[in-house]
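> What follows is each chain in one-letter form.
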Amino acid sequence: MEKVKKESLWSYMKRHKWMYLLMLPGIIYFIIFKYVPMGGLIISFQNYSPYLGIAGSEWVGAEHFKNFFMNPDFKMLLVNTFSISVLNLIFFFPMPIILALLLNEIKNKIVKKSIQTMIYIPHFVSMVIVASLTFTLLNAETGVITQLAAMVTGNKPEFLSDPKYFRWIIVIQNIWKETGWGMIIFLAALAGVDTQLYEAAEVDGAGKMRQMWHITLPSIKSTIIIMLIMKVGTLLNTGFEQIFLMKNSLNSSVAEVFDTYVYTLGITQGAFSYSTAVGMFKSVVAATMVLITNWICKKCGETGLY
Amino acid sequence: MFTVNKNKIKMSPAEKAGLTAAYVVCILSGILTIIPFLYIVAGSFATEKELVERSFFIIPHTFSYNAYRYIVADGSIFRGLANSFLIMIAGTIINMAFTATLAYPLSKSWLKGRNLVLNMVIVTMLFSGGMIPNYLVVKNLGLLDSYLALMLPGAVNAFNLIIIKNFFQELPVELEEAAKIDGCSDLEIFLRIILPLSKPSLASVGLFYAVSHWNDFFNSLIYLNTTKKFPVQIILRQIVLLAQGASANGSSIDFGVGGTPPEQAVRMAATVVATIPILCVYPFVQKYFEQGVMVGAVKG
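Which chain is which? The protein sequence lines are A and B, in order. Numbering-wise, our numbering puts 292 at position 292 of the first sequence, and it's gapless, one number per residue. Numbering-wise, our numbering puts 1207 at position 207 of the second sequence, and it's gapless, one number per residue.
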């Protein structure tokens, strides 16, 4: 058996040369644009200067992390990020489920399709368009909603600059933009429910409400739990574009989140090392949370994401 | 009449009320979703006076095209649309080239080193260098303020890669084996057999990429400086959010007696013009995206 010589790696690769050549651009892409930046995280331990480069910049250890944790901004960012995420979890998360349950009761195909077509639209428009619509509707002078609020309360609320409205605007934008799209996964789960169960329940004299409680909800329960766990895993990801577009100098005390903070300090003010440290803190915590929630999903007997 | 009702089990009044409520809530949600669009279309054709005086309307009392005359004369939003279109087409071509060529070898589970590369991809789904290191890489490559900065850093999306890889994996192996016997190289098999067979899944992933290029704001914000290169999303933000609508070209139009540039209507008209392209492709996109959600949900 010793005589059968194992093919050398080089001749194996030569035999499958096209496979490896096809892979090459993709691998180079991942190295340059994904792994080099990961290596670039090292600047969070330096006083990085673009002129000196990574090799020439002064090493400062964990100083930027220390400064960040001592900075009052740290607490502000945590509070703002979690406030927005938790409000989203409470008010936005149930919306697609509720709407999917209601839409599932509508048996008229044309009505159902028309409603779906309408409420999916906002998913495809950009955040800039969502912000533009919001600015138009909430304009302090001519905004429709401002005018309607003025009719009810007597004075014109400053929706766009008053900090107390900011978080609610973000949550309502999310509800408007993504409720319809979020339904798809629940509608699919609902479509998979065996209709014989309903027929049997009807024979047993169960009304619509009891059918929903005892058949429909249990059958989409696992989907709901998985979606909920995954949402918890991404609590730190508030989305840069939406917050950045709605943020201004008057509401920034409640609007500043990790991503916008990194942008302001890093890109506009050039504090590369400090902002990289902030970004790295966020990425590490976020990745850990995703891994933990994913592990919980698997423990629950679901497939998980990774 | 009788035959219609025969199979239906009678509903109690409470159930009837419940069903009516479901209809009402669903139809109301549909209307609430599209009403902002209807309002800005109406507002873009209204006069400034009417926008200030009337609160909500779908049909303006006096039709005015001043806002559209203004944005046509100004031209920036149309330049933005043209730029966005260019970025979208070129960007999607780059995306597809990089994604499909990587996905094919990754679909061969017997290939040595394939698992290593696949794991390398999966790690990037979980963890990334983040905004500043990415920015510095683009800067050091000398790509700042060029369209390549909008196309190359996101050339392969890991989720899309896995969708295509899974699709390739499901194609029957016999076809490839037959081609091999006929003397085709792996490259010929990929180009002549695999790609043509995968048109539907390539089309849907191409659409995902195209829509994300079109809607992208973040990358243009951090990488572009030259006003002439701005895509429509950046220009729309300047007009509507930063109130930089009034430019020299635009204000030279004669708006008639007491006519000032209709600021609010201009913002609405700009939003309408920026929204129209995506609404035109919406019917196609909706179908493919719905399938995409399900593929993503099943395969992860």
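Simulated from the structure, these hints should not be mistaken for lab results. Here the structure is a predicted model, which means the values were calculated and not measured. It is possible that some hints are incorrect.
Stated by the list, open to error - What the simulated footprint calls covered on chain A by chain B, stretch by stretch (three residues with Cβ under 8 angstroms from a Cβ of chain B suffice, anywhere in the stretch; the number is not a length):
1. 63-73
2. 81-89
3. 116-125
4. 200-210
5. 240-252
6. 269-279
No residue lacks a Cβ here, since even glycine has one placed at the ideal position from N, Cα and C.
> Under the constraints set out in the numbered hints, which ones does this structure not fulfil?
The structure breaks hints 1, 2; every other hint is satisfied.
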